[in-house]
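Peer 1: Sequence:
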Amino acid sequence: MICREMCLSEQDAVIALWKATGVFRKWNEPVRDIKKALEGEHSTILIGELEGAIVASIMCGEDGHRGWFYYVSTHPDHQGKGLGKSITQAAEEWLRARGIWKVQLLVRGDNAQATDFYKAQGYKDTQSICLQKVIEPA
1 MICREMCLSE QDAVIALWKA TGVFRKWNEP VRDIKKALEG EHSTILIGEL
51 EGAIVASIMC GEDGHRGWFY YVSTHPDHQG KGLGKSITQA AEEWLRARGI
101 WKVQLLVRGD NAQATDFYKA QGYKDTQSIC LQKVIEPA
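Number 28 in the UniProt record's numbering belongs to position 28 of the sequence shown; there are no gaps in the numbering.
Some hints could be false.
[Said to hold, decoys possible] Within a straight-line C-alpha distance of at most 27 Å, the following computed DSS-like cross-link-like pairs (lysine-lysine) qualify:
no.	residue 1	residue 2
1	K35	K102
2	K81	K124
3	K133	K102
[What the hints assert, rightly or not] Okay, the calculated beta carbon distance ranges per label pair:
no.	residue 1	residue 2	range
4	E136	G52	33 to 43 Å
5	K85	E51	14 to 24 Å
6	D12	Q79	16 to 26 Å
7	E136	Q11	21 to 31 Å
8	D12	D63	21 to 31 Å
9	L106	E5	16 to 26 Å
Don't read these hints as lab results, they were simulated from the structure. Where a beta carbon is used, it is the ideal one built from N, C-alpha and C, also for glycine.
All chains, please: the whole structure from these sequences, using the hints.
Peer 2: Here it is, written out as structure tokens:
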């Protein structure tokens with residue numbers, strides 16, 4: 001698998017991947033999320049390509065101290081082949097190149113598959129509570 005930064009022209013294929021893997025939620029706006037990630041100097045979306053098809057993705061960003069991962073996905077037909085691990089490692093390298101030494105991510109409490117995936121790569125449960133408030137656009 002070849003890992004590289006996503007191009008905006010690949011937006012439809014990436015959104016289809018997110019929907020196929022269940023990381024897409026109906027209340028999210030993936031077009032907006034993609035645009036912001038690709039336009040920002042502190043974020044990107046990496047994709048994994050296999051035989052010309054986008055089979056994995058990860059959105060990553062950093063705030064100068066720690067990195068965050070979002071929309072981590074591997075196409076269901078290619079899960080269990082190490083592609084998720086490869087795309088995650090590529091994102092870790094993207095952060096490392098920017099001097100970021102800590103990465104965090106959120107996993108829904110009922111997603112044991114994702115939790116097991118990250119723990120197998122050395123991620124630890126920090127026993128933190130995530131609080132959220134929606135701030136409506138002006």
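Peer 1: Hints numbered earlier in the text: which of these fail when held up against the supplied structure?
Peer 2: none
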